[in-house]
Amino acid sequence: MKESRIVDLFDEAKIIYPEKEVDAKETAWYEHPAFKGVFLKDLIRGKDTGGQFSCHIVMIEKGCEVGNHSHNVQWEFNEAIDGKGVFILGDKEIRFNAGYSFVTPPGVEHTVIAEGKDLYILAKFVPAI
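Residue numbers (full-length UniProt numbering): 1 to 129.
Bear in mind the hints are in silico, worked out from the structure with no lab data behind them.
Just to be clear, a hint being listed does not mean it is correct.
Pair ranges (Cβ atoms, derived) [said to hold, decoys possible]:
| id | residue 1 | residue 2 | range |
| --- | --- | --- | --- |
| 1 | P18 | R95 | 39 to 49 Å |
| 2 | G50 | S101 | 20 to 30 Å |
| 3 | E31 | E115 | 14 to 24 Å |
| 4 | P127 | W29 | 21 to 31 Å |
| 5 | R5 | D91 | 27 to 37 Å |
Only pairs whose alpha carbons sit at most 30 Å apart, straight line, appear in this in silico DSSO-like list of lysine-lysine [as the list claims (entries may be wrong)]:
| id | residue 1 | residue 2 |
| --- | --- | --- |
| 6 | K62 | K92 |
| 7 | K124 | K92 |
| 8 | K84 | K25 |
| 9 | K36 | K25 |
| 10 | K62 | K124 |
| 11 | K14 | K117 |
| 12 | K92 | K117 |
Using N, Cα and C, we set each Cβ at its ideal position, and we do this for glycine too.
All chains, please: the whole structure from these sequences, using the hints.
In structure tokens form, the structure reads like this:
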């Protein structure tokens, strides 16, 4: 996985809680169980927030996608930090690049497609997934 400088900052960050610190560089990437070419790194896990919040770096390989899905109870906030793609949010199709953010309420179907090169987003969930 080739990463840009901004991705490196998140990939190697420290996550600081009142009672502990976590080195993100020691947290492993893993393949998404349902979507080929999609990898995740958990920065903040639900078990560390009592299920209230989670945050993940998501890497979608060029030409791959997080296929159409929705979340029953979670609000999702995605921030594109490197790359470009297509975000399908309900009936809207939005072409985007780094700097765009998307808010997805519970129950709204959405898809993220990487175009041109690998795409990196920060995905935040309330409550945690």
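Hint by hint, here is what the structure shows:
At about 40 Å, the CB distance of P18 to R95 agrees with the hint of 39 to 49 Å. With their beta carbons about 25 Å apart, G50 and S101 fall inside the hinted range of 20 to 30 Å. Distance hint for E31 and E115: a CB-CB separation of about 20 Å, consistent with the stated range 14 to 24 Å. Under the hint 21 to 31 Å, the C-beta atoms of P127 and W29, about 24 Å apart, fit the expected range.
Between R5 and D91 the C-beta distance comes to about 35 Å, which sits within the given range of 27 to 37 Å. For the hint pairing K62 with K92, the CA-to-CA distance comes to about 21 Å; that is within 30 Å, so the pair holds. Only pairs whose Cα atoms come within 30 Å are accepted, and K124 paired with K92 is accepted, the gap being roughly 21 Å. At roughly 24 Å between alpha-carbon atoms, K84 and K25 fall within 30 Å of each other, so this suggested pair holds.
At roughly 23 Å between alpha-carbon atoms, K36 and K25 fall within 30 Å of each other, so this suggested pair holds. Of the pairs offered as hints, the one joining K62 and K124 holds, with about 22 Å between alpha carbons and a cut-off of 30 Å not exceeded. For the proposed pair K14 and K117, the alpha carbon gap of about 27 Å is at most 30 Å, so the pair holds. Annotation: proposed proximity of K92 to K117 holds, straight-line Cα distance about 22 Å (limit 30 Å).
When held up to the earlier numbered hints, the structure conflicts with none and fits them all.
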